[in-house]
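So the chains spell out like this:
There are 2 protein chains.
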Amino acid sequence: MKKKSAPALKSTLNIAHYLKSQKEFIDSYLANFLPPLHTDPKSLHEAMHYSVFAGGKRIRPILILATGEALQIDRNNLIHLACAVELIHTYSLIHDDLPSMDNDDYRRGQLTTHKKFGEGMAVLTGNALLTHALKKLSEIPSTPKRPSLVHELCHAIGSQNGMLAGQAMDLETQGKQFSKEHLEQIHSAKTGALIQASIYCAGLIAGTSQKILDNLSSFGCKLGLAYQIVDDILDIEGSSSELGKTAGKDSVHEKATYPALYGLKASKQFAMDLVNQAIHQIHDLGPPSKTLIELAHFISVRRF
Amino acid sequence: MKKKSAPALKSTLNIAHYLKSQKEFIDSYLANFLPPLHTDPKSLHEAMHYSVFAGGKRIRPILILATGEALQIDRNNLIHLACAVELIHTYSLIHDDLPSMDNDDYRRGQLTTHKKFGEGMAVLTGNALLTHALKKLSEIPSTPKRPSLVHELCHAIGSQNGMLAGQAMDLETQGKQFSKEHLEQIHSAKTGALIQASIYCAGLIAGTSQKILDNLSSFGCKLGLAYQIVDDILDIEGSSSELGKTAGKDSVHEKATYPALYGLKASKQFAMDLVNQAIHQIHDLGPPSKTLIELAHFISVRRF
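Going down the list, the sequences are from chains D and Y.
Take any residue in the first sequence, note its place counting from 1, add 7, and you have its number in our numbering.
Take any residue in the second sequence, note its place counting from 1, add 7, and you have its number in our numbering.
Any given hint could be a false lead.
[Said to hold, decoys possible] Label pairs and their in silico Cβ distance ranges: (1) Asp112(D) <-> Arg115(Y): 30 to 38 Å; (2) Gly125(D) <-> Ala273(Y): 31 to 39 Å; (3) Glu146(Y) <-> Lys183(D): 31 to 39 Å.
[Unchecked claim] In silico contact screen, one side only, chain D against chain Y (beta carbon under 10 Å); selected entries: (4) Ala129; (5) Cys161; (6) Ser224.
[As the list claims (entries may be wrong)] Calculated Cβ distances over 12 Å to all of chain D for the following chain Y residues: (7) Glu76; (8) Asp103; (9) Ala213; (10) Lys272; (11) Gln284.
Quick caveat, the hints were computed from the structure, so don't treat them as lab data.
Since we're looking at a predicted model, the values are computed, not measured.
From the three backbone atoms N, C-alpha and C, an ideal C-beta is built for every residue, glycine too.
Please put together the full structure from these sequences, using the hints given.
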């Protein structure tokens with residue numbers, strides 16, 4: 008049987024405008040979602056605000072809101088989840104940038120947290136963002152129909168196939184040979200799992216059916232992997248000014264990446280194929296999923 | 008009105024034997040509570056097991072079980088909470104020992120996690136223990152009568168008067184003048200809040216009344232502060248072999264401690280007074296609280 012191709016998209020959405028307006032909406036909530044800036048301990052709260060407002064694209068929370076649009080629920084129902092996920096993402100970046108990890112001085116064109124506040128404070132800042140995100144998430148009550156969001160997200164960022172597993176495998180493989188299977192496992196864990204869980208949790212809050220939840224999970228899994236592959240492509244192709252961080256760091260660290268194993272051209276094709284496969288998974292959602300589909304396409308061709 | 012004095016205790020409990028047997032019970036659960044040792048990523052799971060089984064006294068989980076005894080519920084109902092709290096405590100120690108924080112090579116007589124597994128892996132190991140603890144805690148469902156344990160514990164270890172606040176204030180005050188009020192604030196946050204929340208959460212699981220919960224909270228608050236004061240006394244008085252870590256580190260770091268501000272004798276008296284005040288708070292619990300009271304006394308006179 009011939010596989011149905013992804014819907015041919017004639018974009019009517021101005022993606023740049025959409026991203027900007029959603030980012031503004033998210034940022035307006037993030038400031039109050041965080042602990043107040045000028046409360047003790049001031050250094051820690053200042054570092055938390057600095058790190059969160061250091062120019063992030065807010066791709067993960069935007070994906071959460073677009074999933075809500077696809078499932079036809081108001082974005083106000085998802086903003087709590089969206090903010091928590093952005094804090095978790097920021098925590099992972101702060102720790103990734105530490106001298107003992109990737110040792111990056113700049114991120115999004117600004118000094119990394121440890122360069123600005125010192126290494127010890129950067130460790131605490133990451134921890135505090137994670138802890139605060141989970142505390143706020145635990146305020147969304149679980150129900151018999153909705154398992155705990157804390158559980159879903161902790162699994163996605165944990166040591167068993169989650170983000171921390173990916174980061175640890177990254178450390179383990181530096182400078183070593185790695186197989187294609189191993190590479191996919193690292194990428195899916197390091198970046199894919201949190202994106203997948205973000206989208207899945209949006210479905211949980213929307214109270215959608217198990218079938219749609221499963222489809223959203225597959226969509227998020229493939230999209231998350233594509234996102235990391237494009238990240239690795241940009242690390243080679245992008246200039247430092249475009250990326251806002253030091254380009255080419257992955258090759259210095261001899262990290263396991265798709266371009267390193269397959270070359271640039273094949274990696275780009277692979278990312279696009281993955282996005283098309285992802286979009287197939289949410290075909291049943293129909294017209295309301297238009298924005299989510301455009302976002303997925305954007306992810307495969309983004310330049311930053 | 009004359010204040011009722013703390014009940015005069017004629018100890019019938021062999022505290023050393025009690026601590027040993029409770030530790031064995033907790034350790035037998037901890038091994039299965041953690042992710043399996045030989046699963047990928049092996050380095051991370053090995054570091055998690057190493058850190059948790061590097062000779063901890065298990066004081067916090069033992070306090071949880073003793074609180075359960077005082078409230079007359081079976082310890083099996085509390086072992087999940089007890090294990091989660093021990094993982095959270097271990098996470099805090101791993102990060103505290105990092106070169107960018109206290110820079111300790113030994114803890115409990117064994118190499119610290121970063122000396123054994125490298126600094127990057129130690130950051131991830133702490134993160135993974137915290138994440139796993141909260142994931143497992145989220146499996147205990149909240150009820151209208153029992154608010155989320157994740158929420159309580161995240162607050163206790165967070166940036167707003169919790170453990171991370173204490174750690175950040177510790178960094179802020181190194182080498183600086185500090186007031187008595189500031190010192191109590193740091194200690195209560197850094198060590199007191201997790202001990203307080205552990206005891207409070209045991210009360211929540213037991214389904215006890217709000218009045219008793221409040222009393223347990225006051226008990227935990229005072230006991231937690233006393234615990235940290237004794238820790239600082241031991242840092243000066245204890246030998247490195249007794250402590251299993253480098254003695255005298257706090258004075259090298261010019262940390263805010265009770266002995267530094269009040270001297271050893273007054274600090275010891277202060278710790279004992281706090282424990283007596285703590286014990287007053289749980290007077291209403293009657294004979295079943297005997298073990299908990301003995302544990303509190305032990306904390307004020309411990310040598311390790």
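Here is how each hint holds up against the structure:
Hint check: aspartate 112(D) to arginine 115(Y), Cβ distance near 36 Å, so the stated range 30 to 38 Å holds. For the hinted restraint 31 to 39 Å between glycine 125(D) and alanine 273(Y), the CB-CB distance of approximately 33 Å keeps it satisfied. With their beta carbons about 36 Å apart, glutamate 146(Y) and lysine 183(D) fall inside the hinted range of 31 to 39 Å. This hint holds: alanine 129(D) has a C-beta 8 Å from the nearest C-beta of chain Y, less than the 10 Å allowed.
A cut of 10 Å between beta carbons decides the hint on cysteine 161(D): the least distance to chain Y is about 3 Å, and the hint holds. Look at serine 224(D): its Cβ only gets to about 18 Å from chain Y, farther than 10 Å, so that hint breaks. Non-interface call for glutamate 76(Y) relative to chain D: holds, since the shortest CB-CB distance, roughly 28 Å, exceeds 12 Å. A cut-off of 12 Å between C-beta atoms contradicts the statement that aspartate 103(Y) is not in contact with chain D; the least separation is 10 Å.
Remark: the non-interface label on alanine 213(Y) is consistent with the geometry, its nearest Cβ contact in chain D lying 20 Å away (cut-off 12 Å). For lysine 272(Y), the shortest C-beta to C-beta distance to chain D comes to about 31 Å, beyond the 12 Å cut-off, and the non-interface label holds. No beta-carbon of chain D is positioned within 12 Å of the beta-carbon of glutamine 284(Y); the least distance is around 25 Å.
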